[in-house]
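Protein chains in written order, with this note's numbering: chain A, 7 to 117; chain B, 172 to 287.
Honestly, I wouldn't trust all of these hints.
As the list claims (entries may be wrong) - Not the full set, but computed from the structure, chain B residues with beta-carbon under 7 angstroms of chain A:
| # | residue |
| --- | --- |
| 1 | 205 |
| 2 | 212 |
| 3 | 214 |
| 4 | 215 |
| 5 | 217 |
| 6 | 264 |
| 7 | 278 |
| 8 | 279 |
| 9 | 280 |
| 10 | 281 |
Worth flagging that the hints you see were computed from the coordinates, not collected in a lab.
Note that CB positions come from ideal geometry on N, CA and C, so glycine has one too.
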Amino acid sequence: GESVGLHLPTLSVQEGDNSIINCAYSNSASDYFIWYKQESGKGPQFIIDIRSNMDKRQGQRVTVLLNKTVKHLSLQIAATQPGDSAVYFCAEIGSARQLTFGSGTQLTVLP
Amino acid sequence: GAVVSQHPSRVICKSGTSVKIECRSLDFQATTMFWYRQFPKQSLMLMATSNEGSKATYEQGVEKDKFLINHASLTLSTLTVTSAHPEDSSFYICSAPLTGGGEKLFFGSGTQLSVL
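Based on the provided sequences and hints, a complete structural model is requested.
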């Protein structure tokens, strides 16, 4: 995964707009990716996952896109709501099922 | 659904004391559990992999004598921070994969450790 950053990238969106959160990964051999949402003081919460044999997967209000050519992952949240405010991490899973997390993005939904 | 319970959620201790954090899988068995550490506004970093009935596997740079891991049963793993110092203050999170449930991991709610 990407290196741990010293500060968290931030994204601010208006309530009702769509959000796009991006993530780059480094291990071209990774074949499974997960997006997590973490609220302050809590553990990560599973949002959606995708395998490397897919380039898109949709859930309820969320879509994950995978571009293996450039090793890029994105999370799209439709009609962003105040409850979506949190830190979002992408993660890739290793051979021993351990997760390597990206640096995360702080999403703030503005009223 | 599967739940991972972590306790305590918050602990404040004096420098030099030891702190034990528990991670339990509530309705499934976990032969493996993972321990992560997260500093403020940073990502989660894997510290160690806890294996039921055998020694834990530590990531590079993590002192095994300082962060003692015990996985004595299929539903419980403990992390003991020995002789804690202020630099050990962090958010510690455990996770467990659901056996037979693919790669989906369930996370505990985390423990905020503050060492004075």
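Each hint tested on the structure:
{"no.": "1", "hint": "205", "result": "holds (6 angstroms)"}
{"no.": "2", "hint": "212", "result": "holds (5 angstroms)"}
{"no.": "3", "hint": "214", "result": "holds (5 angstroms)"}
{"no.": "4", "hint": "215", "result": "holds (5 angstroms)"}
{"no.": "5", "hint": "217", "result": "holds (5 angstroms)"}
{"no.": "6", "hint": "264", "result": "holds (5 angstroms)"}
{"no.": "7", "hint": "278", "result": "holds (4 angstroms)"}
{"no.": "8", "hint": "279", "result": "holds (5 angstroms)"}
{"no.": "9", "hint": "280", "result": "holds (5 angstroms)"}
{"no.": "10", "hint": "281", "result": "holds (5 angstroms)"}
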